[in-house]
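Chemist: Chain by chain, the residues run as shown.
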Amino acid sequence: MTAKRWFVFVLSLGLAMGFALAQGVTITIACGAVGQELELCKEETAAWAAKTGNKVTVLETPQLTNDRQGFYQQQLAAGSSDIDIYQIDVIYPGTLANFMIDLKPYVSADELKVQNQGIIANNTVGGKLVAMPWFTDGGVLYYRTDLMKKYGVAVPKTWTELFAAAKKIQDGERKAGKKDFYGFVFQGNAYEGLTCDALEWIASSGGGTIIDASGKVTINNAKAAAILDLVASQIKLVSPPAVTTYDEEKARGVFQSGNAAFMRNWPYAYSLGNQEGSAVKGKIGVAPLPAGPGGSNVGTLGGWQLAVSKFSKNPKVAADLVRYLTGREVQKERAIKGSFQPTIPDLYKDADVLKAVPFFKDLAGRQPVARPSTVTGPKYGEVSAAFWSAVHDVLSGKSKAAAALAALEKKLNQIKGSGW
Amino acid sequence: MGTNKARQARAPGSLLARRERTAWLLLLPAILVILLVAAYPLYRTIYFSLTDASYLRPGEEKFIGLENYVFLLQDATWWTAVRNTVVFSVTSVLLELLLGLGVALILNSQFRARGLVRAAILIPWAIPTVVSSQMWSWMYQDVLGVVNDIFLRLHLISERVGWLAASGTGILNLILKNLNIISEPVPWLPDISVTMASIIAVDVWKTTPFVALLLLAGLQSIPDDIYEAARVDGAGALRQFFRITLPLLKPAILITLIFRTLDALRVFDVIQVMKSTDIATISMSVYDRQLLVEFNKLGYGSAVAVAIFLVISVFTVIYITSSRVRFD
Numbered sequence: 001m002t003a004k005r006w007f008v009f010v011l012s013l014g015l016a017m018g019f020a021l022a023q024g025v026t027i028t029i030a031c032g033a034v035g036q037e038l039e040l041c042k043e044e045t046a047a048w049a050a051k052t053g054n055k056v057t058v059l060e061t062p063q064l065t066n067d068r069q070g071f072y073q074q075q076l077a078a079g080s081s082d083i084d085i086y087q088i089d090v091i092y093p094g095t096l097a098n099f100m101i102d103l104k105p106y107v108s109a110d111e112l113k114v115q116n117q118g119i120i121a122n123n124t125v126g127g128k129l130v131a132m133p134w135f136t137d138g139g140v141l142y143y144r145t146d147l148m149k150k151y152g153v154a155v156p157k158t159w160t161e162l163f164a165a166a167k168k169i170q171d172g173e174r175k176a177g178k179k180d181f182y183g184f185v186f187q188g189n190a191y192e193g194l195t196c197d198a199l200e201w202i203a204s205s206g207g208g209t210i211i212d213a214s215g216k217v218t219i220n221n222a223k224a225a226a227i228l229d230l231v232a233s234q235i236k237l238v239s240p241p242a243v244t245t246y247d248e249e250k251a252r253g254v255f256q257s258g259n260a261a262f263m264r265n266w267p268y269a270y271s272l273g274n275q276e277g278s279a280v281k282g283k284i285g286v287a288p289l290p291a292g293p294g295g296s297n298v299g300t301l302g303g304w305q306l307a308v309s310k311f312s313k314n315p316k317v318a319a320d321l322v323r324y325l326t327g328r329e330v331q332k333e334r335a336i337k338g339s340f341q342p343t344i345p346d347l348y349k350d351a352d353v354l355k356a357v358p359f360f361k362d363l364a365g366r367q368p369v370a371r372p373s374t375v376t377g378p379k380y381g382e383v384s385a386a387f388w389s390a391v392h393d394v395l396s397g398k399s400k401a402a403a404a405l406a407a408l409e410k411k412l413n414q415i416k417g418s419g420w
Numbered sequence: 421m422g423t424n425k426a427r428q429a430r431a432p433g434s435l436l437a438r439r440e441r442t443a444w445l446l447l448l449p450a451i452l453v454i455l456l457v458a459a460y461p462l463y464r465t466i467y468f469s470l471t472d473a474s475y476l477r478p479g480e481e482k483f484i485g486l487e488n489y490v491f492l493l494q495d496a497t498w499w500t501a502v503r504n505t506v507v508f509s510v511t512s513v514l515l516e517l518l519l520g521l522g523v524a525l526i527l528n529s530q531f532r533a534r535g536l537v538r539a540a541i542l543i544p545w546a547i548p549t550v551v552s553s554q555m556w557s558w559m560y561q562d563v564l565g566v567v568n569d570i571f572l573r574l575h576l577i578s579e580r581v582g583w584l585a586a587s588g589t590g591i592l593n594l595i596l597k598n599l600n601i602i603s604e605p606v607p608w609l610p611d612i613s614v615t616m617a618s619i620i621a622v623d624v625w626k627t628t629p630f631v632a633l634l635l636l637a638g639l640q641s642i643p644d645d646i647y648e649a650a651r652v653d654g655a656g657a658l659r660q661f662f663r664i665t666l667p668l669l670k671p672a673i674l675i676t677l678i679f680r681t682l683d684a685l686r687v688f689d690v691i692q693v694m695k696s697t698d699i700a701t702i703s704m705s706v707y708d709r710q711l712l713v714e715f716n717k718l719g720y721g722s723a724v725a726v727a728i729f730l731v732i733s734v735f736t737v738i739y740i741t742s743s744r745v746r747f748d
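Residue numbers (the numbering used here), protein chains in the order written: chain A, 1 to 420; chain B, 421 to 748.
Next up, chain A with everything else stripped away, as it sits in the complex:
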């Protein structure tokens, strides 16, 4: 009895000492949950935790980016210290700058130098480095290599070519008995994703970027109206009737189950589509998005950054985790495992990365089109909501593009008021 008690005492003492030695702090990180994001985030943070002796809690956040932004703002406005690290969208450093610490003191000059300088500039607000770039994004066109061959279709260079090819393949597949087959899926739900998709249609047709760099509302033009009417005319024809409720994951669901010929999505869908169990494994091609008449093909700039909350109780440790996650090693791993686009330009020449994601070499030199988030500052949320609502009305057949864009111009000027 006493021997047993003695044994228990020694054991608990040992355990207590073990804990004391491994004593670290707990860092909470809010990670995205689209596709493999959450899984990878857990893996990577666990590796850092094992190395440094700290603990990491990974918080799952809403899938739609505007819901996520809303959740962040609630936390930050309340001054909550529950979350140390926030994964923020490329459009939000300006809005959230006041709530984040300056990361400059924590990152070495070399670590900054290897990053994409355009994104670093985007994340620097008033001389303060609000967030470190984690991965970048640009819209791309996915296609089915097997079906392109089967129907003798070339990779479309213009939107008209895309819709014609989509129709041809859809007709053929339906005749062959696949009743649920559709030509083209994209993000048509009324949310930030539609802003990205529609900006690509319009910018690639020479219709501008909604609001130009000087802050002038430019959306009400004939080129923008023409391409919106064209896309709207394709719904039910080559796009599913409910494409106006699709987000990234719903579009991927249809494409990956083998029910669509073309898809507009971000690069993350590539490695998922090539995983075991995917109906289109090994049959996925990726190309730049088509262009409109007289325009050039562009993808909307997306991507995510990591920022440390100024309410964090352990900003130094949190900044170290940010450094680790945005560093070369983790970015390379994420590119290979999840086809997330690195923000370190060098990695686009890395042999291992290119082997896993061959189309990255085509993306290296491309100049994506940015949403007007810098010029509109904190009002960007309203601007984007007004834009996607107008586009959504056109897509659902409730109004013609010319009328919708005229009304949108008025609304945007009203939001602008005396200035952005």
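For the record, the hints were derived by calculation from the structure and aren't laboratory data. Here the structure is a predicted model, which means the values were calculated and not measured. Be careful, since some hints might not be right.
[Stated by the list, open to error] Which stretches of chain A does chain B cover? Using the computed rule of at least three CB atoms under 8 Å from a CB of chain B, they are:
{"no.": "1", "stretch": "57-70"}
{"no.": "2", "stretch": "251-265"}
{"no.": "3", "stretch": "338-352"}
[Unchecked claim] Restricting the straight-line Cα-Cα distance to at most 20 Å, the calculated cross-link-like pairs of lysine to any residue (SDA-like) are:
{"no.": "4", "chain 1": "A", "residue 1": "LYS411", "chain 2": "B", "residue 2": "GLU714"}
{"no.": "5", "chain 1": "A", "residue 1": "LYS379", "chain 2": "B", "residue 2": "ASP472"}
{"no.": "6", "chain 1": "A", "residue 1": "LYS410", "chain 2": "B", "residue 2": "GLN494"}
{"no.": "7", "chain 1": "A", "residue 1": "LYS411", "chain 2": "B", "residue 2": "SER578"}
{"no.": "8", "chain 1": "A", "residue 1": "LYS416", "chain 2": "B", "residue 2": "GLN494"}
{"no.": "9", "chain 1": "A", "residue 1": "LYS379", "chain 2": "B", "residue 2": "LEU492"}
{"no.": "10", "chain 1": "A", "residue 1": "LYS416", "chain 2": "B", "residue 2": "LEU476"}
{"no.": "11", "chain 1": "A", "residue 1": "LYS236", "chain 2": "B", "residue 2": "VAL624"}
{"no.": "12", "chain 1": "A", "residue 1": "LYS410", "chain 2": "B", "residue 2": "VAL490"}
{"no.": "13", "chain 1": "B", "residue 1": "LYS482", "chain 2": "A", "residue 2": "GLY419"}
{"no.": "14", "chain 1": "A", "residue 1": "LYS410", "chain 2": "B", "residue 2": "LEU476"}
{"no.": "15", "chain 1": "A", "residue 1": "LYS178", "chain 2": "B", "residue 2": "SER578"}
{"no.": "16", "chain 1": "A", "residue 1": "LYS379", "chain 2": "B", "residue 2": "PHE491"}
{"no.": "17", "chain 1": "A", "residue 1": "LYS175", "chain 2": "B", "residue 2": "SER578"}
[Unchecked claim] Simulated coverage check for chain B against chain A, where a stretch passes if three residues somewhere in it have a Cβ under 8 Å from a Cβ of chain A:
{"no.": "18", "stretch": "458-470"}
{"no.": "19", "stretch": "538-549"}
{"no.": "20", "stretch": "562-568"}
Cβ atoms here follow ideal geometry from the backbone N, Cα and C, with glycine treated the same way.
Once you've looked at the hints, dock chain B against the given chain A.
Modeler: Relative to the frame of chain A, chain B by itself:
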């Protein structure tokens, strides 16, 4: 004379005065709680509605008078939200009442396993709305969803319908077209969009059991001997229903209507989950959340919150005065 007496009776130390003091003491906790959880938030909301407060600049709001309310009157999205909410509330509450009454009558009759059925119908009500809304939006999905699959197999529809996407098509037009009664949409038909109808269907599915339960309680309070007397007098089932059941059930129906209408006017979760902030189905509460949470407009969002409060009060006043409900 009388007032004199009252003053005398309330003299300090008298029984009445002591009783009164005890009464106030006993009421004090309740009054404090109400001040804390109802009056103070309401005061803060009204205060913010008169400022330009923003979550991005905590504590830096400026007083701007009624500017937010003037803007509200011209805000097209707000009025769309009011219309959507009223359409949603009136339609869903009406359907829930009719269906709920039917279910209650069935459950009130004698049959085997009645207890089991009564418990089972409550399942939709027991599932959290967020979960059931997400479940339904998957079922409504156009290509992979089960609703289209079943309807196609039963030949109820001829082609896939984007249930949550068809905000430009009316549900009556869709039904008539699929019954081959019309070939082209009839624009003048008083109609609700397919999308709104799909959302209403989810709410009806979820809330009918609750309504049925409330009405069942009302039915059970009607004494059996009244029916017996009616049978002796030779009144048929239909006559019994309209002459006995319905009049005696009126208080229960009115309470249910008030409960449900006030609840429906605040609708948030089912629309937020299924359609987010799409203008086609946006409700007053969904719009307010967008203003407050996504646009950071604490000032204008508070003005909208006050307006929602007013709209709901209007409905409450209409109900209470038109039905002369007595709450005692």
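Chemist: LYS236/A and VAL624/B were given as a pair; does the straight-line alpha-carbon distance stay at or below 20 Å?
Modeler: violated (29 Å)
Chemist: Take the C-alpha atoms of LYS482/B and GLY419/A, compute the straight-line distance between them, and say whether it is at most 20 Å.
Modeler: holds (18 Å)
Chemist: Straight-line Cα separation of LYS178/A and SER578/B no greater than 20 Å?
Modeler: holds (16 Å)
Chemist: Quickly compare the C-alpha distance for LYS379/A and PHE491/B to 20 Å and report which way the hint goes.
Modeler: holds (17 Å)
Chemist: Does LEU476/B lie within 20 Å of LYS410/A when you go C-alpha to C-alpha?
Modeler: It is violated: about 26 Å lies between the C-alpha atoms, which goes past 20 Å.
Chemist: Is LYS410/A close enough to GLN494/B, meaning Cα to Cα at most 20 Å?
Modeler: holds (13 Å)
Chemist: Examine the stretch 57-70 of chain A for residues whose CB is less than 8 Å from any CB of chain B, and state whether their number is three or more.
Modeler: Coverage by chain B holds for the stretch 57-70 of chain A (5 residues, Cβ < 8 Å).
Chemist: Closer than 8 Å, Cβ to Cβ, for at least three residues: run that test on the stretch 338-352 of chain A against chain B and report holds or violated.
Modeler: Since three or more residues must qualify, the claim that chain B covers the stretch 338-352 of chain A is violated, with 0 doing so at under 8 Å.
Chemist: When I compare C-beta atoms, does the stretch 562-568 of chain B have three or more residues closer than 8 Å to chain A?
Modeler: holds (count 3)
Chemist: When I compare C-beta atoms, does the stretch 251-265 of chain A have three or more residues closer than 8 Å to chain B?
Modeler: n = 4 at 8 Å, threshold three: holds.
Chemist: Holds or violated: LYS175/A with SER578/B, Cα cutoff 20 Å?
Modeler: At roughly 17 Å apart (the allowed maximum being 20 Å), SER578/B and LYS175/A satisfy the hint.
Chemist: Taking 20 Å as the top limit, are the C-alpha atoms of LYS416/A and LEU476/B close enough?
Modeler: The hint holds at about 17 Å.
The structure shown violates the earlier hints numbered 3, 7, 11, 14, 18 and 19.
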